[in-house]
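Undergrad: Given the coordinates of chain A, assemble chain B onto it according to the supplied hints.
Number of protein chains: 2
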Amino acid sequence: MAIRPAGELDKPAILPIIAPVLSAGETYAVETDLTEAEMLGYWFMPAHEVFVFEAEGEVLGTYYLMANQGGNGAHVSNCGYMVSATAQGRGVAAAMCEHSQTRARERGFRAMQFNHVVSTNTRAVALWQKLGFDIVGTLPKAFRHPLHGFVDSYVMFKSLT
Amino acid sequence: MAIRPAGELDKPAILPIIAPVLSAGETYAVETDLTEAEMLGYWFMPAHEVFVFEAEGEVLGTYYLMANQGGNGAHVSNCGYMVSATAQGRGVAAAMCEHSQTRARERGFRAMQFNHVVSTNTRAVALWQKLGFDIVGTLPKAFRHPLHGFVDSYVMFKSLT
Chain A
1 MAIRPAGELD KPAILPIIAP VLSAGETYAV ETDLTEAEML GYWFMPAHEV
51 FVFEAEGEVL GTYYLMANQG GNGAHVSNCG YMVSATAQGR GVAAAMCEHS
101 QTRARERGFR AMQFNHVVST NTRAVALWQK LGFDIVGTLP KAFRHPLHGF
151 VDSYVMFKSL T
Chain B
1 MAIRPAGELD KPAILPIIAP VLSAGETYAV ETDLTEAEML GYWFMPAHEV
51 FVFEAEGEVL GTYYLMANQG GNGAHVSNCG YMVSATAQGR GVAAAMCEHS
101 QTRARERGFR AMQFNHVVST NTRAVALWQK LGFDIVGTLP KAFRHPLHGF
151 VDSYVMFKSL T
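Going down the list, the protein sequences come from chains A and B.
No gaps in the numbering here: position 79 of the first sequence is 79 in full-length UniProt numbering, and each next residue is one more.
No gaps in the numbering here: position 54 of the second sequence is 54 in full-length UniProt numbering, and each next residue is one more.
Excised from the complex, chain A in its bound form (with noise of 0.2 Å):
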């Protein structure tokens, strides 16, 4: 198993993971209709320092790393990550918020932001409360769930320092 930096060999192993997640809209606040290319080209933005987790050979997982705001702000940063379908329950995306934290530390972070954390996605709501994010705000129904209609979503928050 390893987490590593994603390269452009990555894309055809990425692109079925964030695909199903982008598509279904439950959980990123980010257009539905996105074809493959412009899914690439979101997860892959410039500003987006973008890692694979690995394990035998097979990409399991992706996130990426960014500043959550520019300047004055910049010392705060912010991750999205996404897990294979077929890789739930394994710690993954634990393994990846980890791993997250320490390269955000390493960058010169002091903070880590979930900005849009929808509340019906209880099970990522419990991970990160586990490894140490706070709910810090509530957005009320700032999120059009495409089951469950408007629902509410947190601002999570960690400090690294």
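You may find that some hints are simply not true.
Treat identical chains as interchangeable: a pair holds within one or across any two.
No more than 25 Å apart at the CA atoms, straight line, and that leaves these computed lysine to any residue pairs for SDA-like [claimed, not checked]: (1) Lys158 x Arg110; (2) Lys11 x Thr138; (3) Lys141 x Arg110; (4) Lys130 x Arg4; (5) Lys11 x Val50.
These are calculated hints, taken from the structure and not from any lab test.
TA: Below, chain B alone, put in the same frame as chain A:
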């Protein structure tokens, strides 16, 4: 007095309003060393719908309106407001904020969110509260104020429905 969409011809009047605010780095989490062209590029980025507040032929303030997130978060809007140093305390920001809410409703937005209101910007915090925004989150030490060091920022939110 009028609030109207900003055009190319307004850029020379907008620059002296936004440049000191961005350079000071006390209220916006945006790079503080932008060139004039980059400042205008930021304010007029494609996602921003930009307006000016004009009185007696003079531009006294400007704001932008945008979707705060994409996809299933795109019903929440976001704005940034700036007032000329010479026109502070005359209700320009309040008028622009009211205008932006009307415009946001016109465009179908259901709420408005400010992601990063620096806690030391007490005048802005009080004004947004007076205009119906709630502090729904506190981001601990998320802003590195050039005078006060690390200070909290607030997430502020108002339903428009």
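Undergrad: Look at each hint and say if it fits the structure.
TA: Hint check results:
1. Lys158 x Arg110: within (9 Å within a copy, 29 Å between copies)
2. Lys11 x Thr138: Classified as neither; 34 Å inside a copy, 37 Å across copies.
3. Lys141 x Arg110: between (29 Å within a copy, 9 Å between copies)
4. Lys130 x Arg4: The answer is within: 24 Å in one copy meets 25 Å, while 49 Å across copies does not.
5. Lys11 x Val50: Within one copy only: 11 Å inside, 37 Å across.
Hint check: a violation occurs at hint 2 only; the rest are consistent with the structure.
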